[in-house]
Structures are given as structure tokens and as C-alpha cells.
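Let the sequences and hints guide you as you build the complete structure.
Same order as they appear, the protein sequences are chains L and G. The opening residue of the first sequence carries number 25 in the numbering used here; numbering runs sequentially from there. The opening residue of the second sequence carries number 825 in the numbering used here; numbering runs sequentially from there.
Some hints here could point you the wrong way.
Which chain L residues stay away from chain G? Per the calculated CB distances, all over 12 Å, these [unchecked claim]:
| # | residue |
| --- | --- |
| 1 | Ala62 |
| 2 | Lys400 |
| 3 | Gln422 |
| 4 | Gly464 |
| 5 | Leu513 |
| 6 | Asn549 |
| 7 | Val628 |
Computed spacing ranges between beta-carbons, pair by pair [what the hints assert, rightly or not]:
| # | chain 1 | residue 1 | chain 2 | residue 2 | range |
| --- | --- | --- | --- | --- | --- |
| 8 | G | Asp919 | L | Lys569 | 24 to 30 Å |
| 9 | L | Ile622 | G | Lys850 | 47 to 53 Å |
| 10 | G | Gly869 | L | Asn286 | 46 to 52 Å |
To be clear, the hints were calculated from the coordinates, so they are not data collected in a lab. Glycine included, C-beta positions come from ideal geometry on N, C-alpha and C.
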Amino acid sequence: MLWKLSLTGLKSRFKDYAVLFSGLTLASAIFYMFMAIATNPEFLKGALKISFQIVQLTFGFGIVLLSLITLVYIVYANSFLLSMRKKDYGMYMILGARNSKIGRLIFLETLVVGVLSLVIGELIGIVLTQGVSQLLISQLGLQIHKFVGFYIPAMLWTLLFFAILFFLAALWNRHKLVKTNVIQLLHEDQKPVKLRMNKTWKLIEAILGLGLLATGYWAMGNYVQLKTNSITIGFFTIVIGSFFVFDSFFTAMVNLLRKNKNFKYKKLNSFTLGQLKFRLTDYTRILSVISLLFALALGAITVGLNFNGVADQSLDANYYDVVIYKRTPEVNRDLKKVSVKSINGLDYKYVLNKKTKDTGGLIYVSKNEIKNANLKYQHSYQKDGQIKYKTLSISTDQLKPGAKHYSEEKIQLAWLTPYLSADVKMVSQKQYNAIKVKEGHTELLQVNNFRSNFNNIEKLQNAAVKPFLAGNKYADMMISNNKTAGYRLVSSIASGFEFMGFFLGLAFLAMLASTLMFKVLSGANSDKPRYKMLWKIGTQGKLLKSSIRKEIGVLFALPAVLGIIDVLFGLQFFKSLLPNPYDKIWIPFGIFLALYLIYYLITVKLYEGIVLQKNR
Amino acid sequence: MIEILKVDQLTKTYGKKGEKQYQALKGVTFSVEKGEFVGIMGASGSGKTTLLNILSTLDTPTSGSVLVNNQDITKLKKNKMADFRGKEIGFIFQDFNLLENLTNRENIALPLSLQNVKAREIGDKVEEIASRLGISQILDKYPGEISGGQKQRVASARALVHNPAILYGDEPTGALDSKSATELLETMKDLNKNDHVSILMVTHDPYSASYANRILFIKDGQIGKELKKDNKTGEEFYQEIIAELGRR
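Dropping the structure here:
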């Protein structure tokens, strides 16, 4: 009987539940995807262990954030669920159902909804993971062929996580309903509303809130002086500041509008303002949480998409695109696929020092060679906490002991030979000629279309390095110490961040917008009589609709505006990490706001469906 | 005499053709003259709520016509219906139907703001009607902060602030204690007598009905007996109503 009751309960409100389902399904799908990518060992077997470990770490971080928001989301989704069913439960109780029985009924309903959305979510998650990981694999240049989105441990983790969440939610629901008595359940919508407030305190609160926000924004911009403190300060001031601002400032704005008679006595404005005032008091907590989540989500997408800039920046670290130590048939073959812009060369002689075999030998270069070759390198320095590069020439002056760039230029020269850790000595042409070892010759290439032809260029560089790897103690360094390897590493990390930022941002958005949606909708039932009354005293349908649009619009817009301001200031913090965090900012903002807008429209439609009279 | 409301052969059938149908109104005909206070009495299911809904354009009849101020409201389009309600009709409901998140002043002002009346004019009109109904002191309170009797006065002020052609009362005393009910009825009588407000009140309470000039009894979707107060006192009319109810 219980099963039948709860199932018919679900069926009769299918449309409302569909929204809940889709939100939960999306949450579990994205959770599964994160889990599958972060924990799948197939990736670790790939060639670029380090870069993928970093990507996995970032995904792990994403999982923690995602769990938090899912928790908030489920709490609100559940309160919506309860608000819809309260009257039914009250009716069962009047008919004599025991508290414990109703408790079990609620428990069952919550679990049924949870399990269904979990199963569908995992199925979608598998498909999603398949697609995303293929993209990721191609971006990282990994050689994995047998990867599939289906990964049992991730499935179990997702199952466990959501099972615990739903179990807790079911317990909470049960507790909440069983606690309230029948009368309250039946007359839920007739609760009196507290509207008076202490004006002085509100004023202090408003000023305090704005002040805290300003402090937080200042801290985000001053990360150079404050170091990690800027996060701590920013976190607390912005969280508390947002709450204060929602609790006082926005209500004060509404009150100000209510004082303006010309505005207030126009059409339904007084009603809309009254609704808003009531809502803002009721919504303080959720609106501040949503503005923060909004900032996190938008920030994640903006920063994530901006990481491409880091990869581009890594190109500045090396002056020469490809370094060829020796022509082999393989090198010659790969060279044909690369369009060379310019070739420079370096002649040197390498003498192995028998005593200091471990630290390598000595590389001799002649003064004339340095003069004639005009070799360049990228000098790195720090400015405003960011690493910048400047192109310098290796000069005979600087290669004298005691010169400013003496050791730097020696290292740069050694890096142009296969003897990366050897010392360098500049000698006269005469002394150079006297050294009786075979002269080495390195070709230094600058190429066209480094990024678009990257795969071929990387192949060429690897072929050039290959003959020197066998038995070389410094093989790892040799593989990684060139432009292609640097670019590959940074761009793979960047794309990891990009993916994570993007999906985390979307997941956040989906959940925060649905959270807000459920909060608005769970109040819809008690708003019904108000709209009915307005309709009776002669308010046109389109006026009612526009009032609904305005009211919900403000509720959606306020956290969005505050969130956007948070992001604009918060991006300051990323200046140390990203070359230009504000670059092309309209793309992530545009995507984000468009999706947010869709949520808003859905909420308006659903709300109208609940409160407005059907076609009379 | 001018007829403010003229109802002719009104029928209302629920249920589609071919399905099981129920006839709530079976040809109701009556009229209300300007400045008249008419009561409609009937038991539950007699059709009085259906009738009131149609008279106020909340529902449409199956056939027949309803003329308010010589305008057939059954032929109006949806938006025009809303405008009509906003301009020509004042409503007092049993459960007040005030918006609890607006002050009483804002509640009363609502019908005027819907008609684009200027803010200053709205302020004046609200003050005027509030002092007429003796609620000037509580205008800036919220409905949650006043008594049931006061709430119904605020609701009456809202119903009258825009000078409607006719005031409809739907069991207006239903949720009030006897003292507040009497006060409200006295006020309605006063408005009717001195301000010539036309009133149509639906009720099943004989005491409330005894305040009307004329009572129409509705039974099974048809107007049956009609009682007139003429020169009787309230008490005499009340007894007559009781007797009539007992006869049915």
C-alpha cells in the first residue's frame, strides 16, 4: 500500500518531478564523469604521466567542490519536493495514517527519486565520459586506445556518494515532516509573514556588508603583498559581506522604491515590490550562497578557458623551436614535413673529463663562433609576480667570468648541445683549433606554424633527440628540455584545467540555478491565492505574467550581478597564474549567462503554470 | 429607475456534450436597480456561487445574457473581462483576500493603480474611502496586524475605492464574529442608503440577508421566491426570512 501511495504520488506530479529528476540526473552524470576521469588508471599508463597526474589532481579538486554544491542542491530540491506533498501527507494523517507510516512513505519517495535519477545519471555519465575523455586524450597526445567511459570503481563511488546523500536527505525529510503536526501541514500556506525590521541595524548591516565586500575585493587584487592571506581574507569577507548585503542592502533598495509613490502606484508594482520584500527576507541565505556559487562557477569557466593563454605563454620560454644535434635519416625524413623559417648553427667541441665523469665534461666554443653565430636565448625575470621573457643574444662579453649573465649564458649554450649538464668554456680560435676532438654541430631551427603543425614538429624534435638517449644519464632531461616538450606539458595541463573549469562551471551552474528554481517554485503554492485574488479584482493575465517575470527576474539577477562583480575582482588573483585573465572574457560570460537565462525562463514558465488560472 | 444589472435566461451546464452533464443554472432571470441592496440566498449546491461567478465574469454562462450598465458582459474578450472587473465591480470575499505582504493602504490602492490612476489621486481617494469606513488609523499596518473585522473593512475599502457600478459580496460576514459582522452590515447598509452603492450579496445567513431590501431565493439552479423588505423593520424581515427558509 505504501509503495502504491508513493508511486501514485510521484506519477500525479510527474511534471514537477521531471525538473527535479533532470537536475539530479545531471548532477550524478557529471559526478560520475569527474570520478571516472580522475580515478581511471588507464590514463596513468600513458606516456605523459606527470601532466596527467596534474589533470587528475585538478579533477579531484573538482569532485570536492561538486560534492559540496550537490549537498546544497539536494537540500533545496528536497524542500521543494516536500512543499508539493505536504497537503497529501496532511490528508493521509487526517485519514489516520500513523506518523511512522508517513515517515516511511516520505523515506521511500525520496529514495525512489534518488535511485531513478542516479541510474539514469550514471548511464548519461558513461556516454559523457566517453566523449570527454576522447577529447582529453587527443588534447594530451596520449596513446590510449582501449579507454572506455565505463569504469566500475567510479560507478561505485558515485553510487556510494549519492546513496549516502539521499539517505541523509530522506532521513531529514522524514524528520522534518513527522515533527510538524497535521494542522500545520494542511495550512502551510497561511503562515503569517514577519515584515517589520529594525531600521538602524539594517543600515549598519548594509554599510558593513558593502565594506566587507570592498575589503574582499581589495584582498583579491593585492595577492602580491598578502600572498595566501588574500584567499583567506577574501573568502571570509566576501561570504559574510554577501550575506549582509542580501540581508539589508537589497531590502533597503526595495523599500526605497516602495517609498516612491509614482513608481509604486503603477500597475502591479506595489504587489511585485511586496512580493520581493517578502522574498528577500526569506531568501537571504540562499541568495548569498547562490551569488557565491555563481561566482565560483563563472570563475571556473573563465579561468579554465583562459588557460590556453598559459600554453601560448610557454612558447616564450625557448627561442629556438627545434634543436637538431645530428642529422639521421629519421630526422631528414621528419624535417620534410616542417616548414623552416630560419636555421642557425653552433659549432663546439666536447671533451669528456675522465675525473668528473658524473657531472659531464667541458664544451669548448670559440670566440669567433659566438661572434658570428649571433645566438639568441630567452631571459626570464619576474614582474608583478608573473614570469616574463626577454630575448637576449649570447655575447662574448657575458661569457667572461664575473659578467652579469655569465652562468645563465653558459647554461643556455650547454642546452644547445646534447651535453646538457656540461660546463662551457669560451676560448680563442687558436686554442679551439688545438683541441683534438671531433667538432660537433647543432642546427637551431625556427619554424612556421608552430602550433598548427605541432605534431610534426614534435616528431622531428623527438627524432633529433633519439640517438642520444641510450645509456644517457640525462635522458629524461633531454626529452623534456626543449620547446616542443615544454609546450606539450603546459598545454596538456592547460587543457586539463580548461576541461575541468568548463565542466565544473556547467555543473555548478546547473545545480545553483536549479537550487534557486526549486526555492522559487516551493513558494509557488502559497502564492496561488494571491494571484487568484488579483485576477478576480480585474488584473489582466499579461500584467500578472509581467509581475512574475519581474519578481523572479530580480531574484535571479541579484545573485548574478553580485557574482559577476565577484568574478571581475576575483580574476585579479589569477594575474600571477594567467598572462591576461580578462582576455576574451565575454565568451565564458556569454555562455554562462545564456544558460542562466534558460533556467530563468524555465522557472518563470513553471511558476506561471502553478500560480496562474488555467484558460478562463 | 435605472437597471444596473439585468440577468436574462441564464443557464450554465457543466460537462461536455455526450458525457454526463450537470445543469447548475436553469434559466435565471432577475434585475437589480441602481441603489438597490439585493440578497441572494440558497443552500449549498443551489447554484449561487456559479451565479456570482458568472455575474462577475469569473465564469462564462452556457446561454443567456448579463447586462451590467447596459453592457453584455458575457460577450467580452478575456482582457476586456479583466478590465471590466477592475472598473465596474467591487468584490468583498468571505476570507478577505487581502495581500498580506502589502500594507492596508497598498491593498486599497491596488484597483486604482491597475487603472493607471495618477499616484497623487490614488493617495487622495484611498484617504477618502478609508475615513468613510473608519480605518484611517490602520492604513500603514499590514493585514496580519489587524482584526478580522478591520480586515473586512479594508477589503470593503478596496472594493469601493474605484467607484464600481455594483458591489458583490460573497458571504462577506462568513469569517467574522457576530459583533464585527453587524458592524460590517451596518456599514454596507449605510453605504447603500447614503452613497447609493448598489449591492448584490450572496449569503446563506438569514441575519445578514435581513439587511437587504430584497431577497431572491435560489434553489436547484432557479430563482424561486422573492421577499421584499419594504417598510418592515430588520427584526420583522428577519423573522419573515426564517419563516420562508422553514417552509422550504
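Cross-check of the supplied hints:
1. Distance to chain G confirms L:Ala62 as a non-interface residue, since its nearest Cβ pair spans about 47 Å, more than 12 Å.
2. With a least beta-carbon separation of about 72 Å from chain G, L:Lys400 lies farther than 12 Å from that chain, consistent with its non-interface assignment.
3. Every Cβ of chain G is farther than 12 Å from the Cβ of L:Gln422; the closest lies at roughly 77 Å, confirming the non-interface assignment.
4. Every CB of chain G is more than 12 Å from the CB of L:Gly464 (nearest about 85 Å), matching its label as outside the interface.
5. Every C-beta of chain G lies more than 12 Å from that of L:Leu513, the closest at about 59 Å, which supports listing it as non-interface.
6. Against the 12 Å criterion, L:Asn549 stays outside the reach of chain G, whose nearest CB is about 15 Å from its own CB.
7. Every CB of chain G is more than 12 Å from the CB of L:Val628 (nearest about 20 Å), matching its label as outside the interface.
8. One distance hint, 24 to 30 Å for the beta-carbon pair G:Asp919 and L:Lys569, holds here, with the actual separation near 25 Å.
9. In this structure the hint that L:Ile622 and G:Lys850 lie 47 to 53 Å apart at CB holds, the actual value being about 51 Å.
10. Evaluation of the 46 to 52 Å hint for G:Gly869 and L:Asn286 yields a pass: the beta carbon distance comes to about 48 Å.
Checked against the numbered hints above, the structure violates none of them.
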